[in-house]
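Please model the entire structure based on the sequences and the hints provided.
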Amino acid sequence: MPFSAAPIFLQTLFWLFVAASVVQLAAWCFVFGKLAFLKIAIPNNQSPITNHQSPVASNQRTNQPISVILCARNEAENLRRNLPAILAQQVDNEWELIVVDDASDDETPAVLQVFQENDPGRMRVIRIVDKEFPGKKHALAQGIAAAKYGLVLLTDADCQPASPNWITHMAAGFSTHATTEFVLGYGPVATSSSGWGAWARYETVFTAAQYFSLALLGMPYMGVGRNLAFRRQVYDRVGGFATHAQLISGDDDLLVNAAAHAKNTTICLDPESFMYSEAPTGLAVWLRQKQRHLSASPAYKWPHKLVLAMLAGSHVGHYLLFFLLLLSGFAPQIVLAIFLCRLLLVWVLLGKILHVLREQDLMVRIPILDAWLAGYYGMIVPWLLVKKTVQAWK
Numbered sequence: 001m002p003f004s005a006a007p008i009f010l011q012t013l014f015w016l017f018v019a020a021s022v023v024q025l026a027a028w029c030f031v032f033g034k035l036a037f038l039k040i041a042i043p044n045n046q047s048p049i050t051n052h053q054s055p056v057a058s059n060q061r062t063n064q065p066i067s068v069i070l071c072a073r074n075e076a077e078n079l080r081r082n083l084p085a086i087l088a089q090q091v092d093n094e095w096e097l098i099v100v101d102d103a104s105d106d107e108t109p110a111v112l113q114v115f116q117e118n119d120p121g122r123m124r125v126i127r128i129v130d131k132e133f134p135g136k137k138h139a140l141a142q143g144i145a146a147a148k149y150g151l152v153l154l155t156d157a158d159c160q161p162a163s164p165n166w167i168t169h170m171a172a173g174f175s176t177h178a179t180t181e182f183v184l185g186y187g188p189v190a191t192s193s194s195g196w197g198a199w200a201r202y203e204t205v206f207t208a209a210q211y212f213s214l215a216l217l218g219m220p221y222m223g224v225g226r227n228l229a230f231r232r233q234v235y236d237r238v239g240g241f242a243t244h245a246q247l248i249s250g251d252d253d254l255l256v257n258a259a260a261h262a263k264n265t266t267i268c269l270d271p272e273s274f275m276y277s278e279a280p281t282g283l284a285v286w287l288r289q290k291q292r293h294l295s296a297s298p299a300y301k302w303p304h305k306l307v308l309a310m311l312a313g314s315h316v317g318h319y320l321l322f323f324l325l326l327l328s329g330f331a332p333q334i335v336l337a338i339f340l341c342r343l344l345l346v347w348v349l350l351g352k353i354l355h356v357l358r359e360q361d362l363m364v365r366i367p368i369l370d371a372w373l374a375g376y377y378g379m380i381v382p383w384l385l386v387k388k389t390v391q392a393w394k
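Going left to right, the sequence shown walks through residues 1 to 394 as our numbering numbers them.
Wrong hints could be hidden among the right ones.
[To be verified] Derived lysine-lysine pairs resembling DSBU-like cross-links, with alpha carbons at most 30 Å apart:
1. K263 / K39
2. K263 / K301
3. K131 / K290
4. K39 / K305
[Claimed, not checked] Estimated spans, in silico, between C-beta atoms of each pair:
5. L340 / N74: 43 to 51 Å
6. L344 / V129: 56 to 64 Å
7. T243 / G121: 35 to 43 Å
8. A85 / H355: 24 to 32 Å
9. E77 / K305: 31 to 39 Å
10. A309 / A110: 24 to 32 Å
11. M310 / V386: 52 to 60 Å
12. G375 / D119: 43 to 51 Å
13. L16 / A85: 45 to 53 Å
14. G150 / M379: 39 to 47 Å
15. N74 / P271: 26 to 34 Å
16. E132 / L16: 44 to 52 Å
17. L16 / D130: 36 to 44 Å
Bear in mind the hints are in silico, worked out from the structure with no lab data behind them. Backbone N, C-alpha and C define an ideal beta-carbon position, used for all residues, glycine too.
So this is what it looks like as structure tokens:
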């Protein structure tokens with residue numbers, strides 16, 4: 001069927017498909033490409049340390065002390081498993097660990113008492129007796145208020161640092177520039193590459209690729225609370241969590257969204273700085289987790305919401321219109337060529353990003369997982385955004 005003779009409806013679908021594909025191609029070239037082609041310095045044959053301003057040499061360290069804050073609610077087993085690796089961190093400067101027990105009713109208090117008795121000079125425990133506020137913002141605010149030092153590093157009880165140098169590398173981010181107030185770290189999922197585990201890892205990787213790439217572009221919009229460092233002064237300057245205290249989530253990304261900008265934000269991609277967490281145990285748990293995370297997104301700044309909507313919308317539109325046009329038989333060679341062109345670009349650039357994030361084994365699954373991501377954006381995300389938020393974090 002000649003193009004001009006086709007129904008207007010199909011011609012409209014075609015041009016919408018072209019528009020969505022162009023947005024996707026531009027996003028991958030000019031946004032994600034910033035991360036894919038990031039120059040990585042490897043001093044003295046060690047692991048790379050990278051950020052969006054300048055590489056940090058392995059012998060550069062901030063001389064400022066740092067407070068590590070971890071909030072826990074009913075996390076006895078995770079604390080037994082993960083606290084030893086945090087307390088074993090090798091840090092040249094002064095540092096402390098503050099664990100906020102958010103009204104746990106399991107063995108968490110007893111577990112924390114043992115760790116504190118074994119390392120009383122390093123670890124402090126703050127006990128919240130009655131939980132009066134949903135989420136962990138209240139607990140986190142108590143931990144930040146009690147911090148002795150001006151640099152704060154957040155993590156979670158279910159996380160395991162990749163190395164004894166996690167704190168050192170994250171703190172080194174503040175040495176990149178005098179104006180640095182945020183250091184965005186990576187929190188990969190530690191699980192297998194098959195089935196559910198592969199999807200959980202991929203979704204985590206893509207989210208990280210997005211916020212790292214936009215930070216490199218000068219538009220930092222979020223970070224993850226399991227691996228996020230900031231200066232206490234920026235937290236005080238924005239009034240802590242006061243502007244979004246009513247939201248169940250947003251203790252990490254809304255702080256970044258409110259105060260981070262091109263001149264005060266650095267990313268840390270040294271593999272030794274990664275903070276690993278386990279994948280949710282099932283679909284229901286994962287959906288509740290995603291719902292909590294998404295509940296903060298309406299409070300993002302409107303430029304961030306616009307950019308994120310364009311990225312997700314063009315992704316969904318590209319796939320949806322591709323299948324509709326393919327089923328209609330309209331210009332199949334052109335439609336398929338555009339689709340494959342975008343897929344090849346994603347495969348190449350995301351493959352480079354997976355190498356940076358040490359997730360190379362996912363590369364062979366990119367075509368399938370990229371399609372799943374379009375389905376996630378097109379169906380799951382809208383449903384979770386309108387669904388009533390679960391008012392609990394544990």
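Hints, one by one, checked against the model:
no., hint, result
1, K263 / K39, "19 Å, holds"
2, K263 / K301, "17 Å, holds"
3, K131 / K290, "23 Å, holds"
4, K39 / K305, "29 Å, holds"
5, L340 / N74: 43 to 51 Å, "49 Å, holds"
6, L344 / V129: 56 to 64 Å, "57 Å, holds"
7, T243 / G121: 35 to 43 Å, "36 Å, holds"
8, A85 / H355: 24 to 32 Å, "25 Å, holds"
9, E77 / K305: 31 to 39 Å, "38 Å, holds"
10, A309 / A110: 24 to 32 Å, "47 Å, violated"
11, M310 / V386: 52 to 60 Å, "20 Å, violated"
12, G375 / D119: 43 to 51 Å, "47 Å, holds"
13, L16 / A85: 45 to 53 Å, "50 Å, holds"
14, G150 / M379: 39 to 47 Å, "44 Å, holds"
15, N74 / P271: 26 to 34 Å, "31 Å, holds"
16, E132 / L16: 44 to 52 Å, "50 Å, holds"
17, L16 / D130: 36 to 44 Å, "54 Å, violated"
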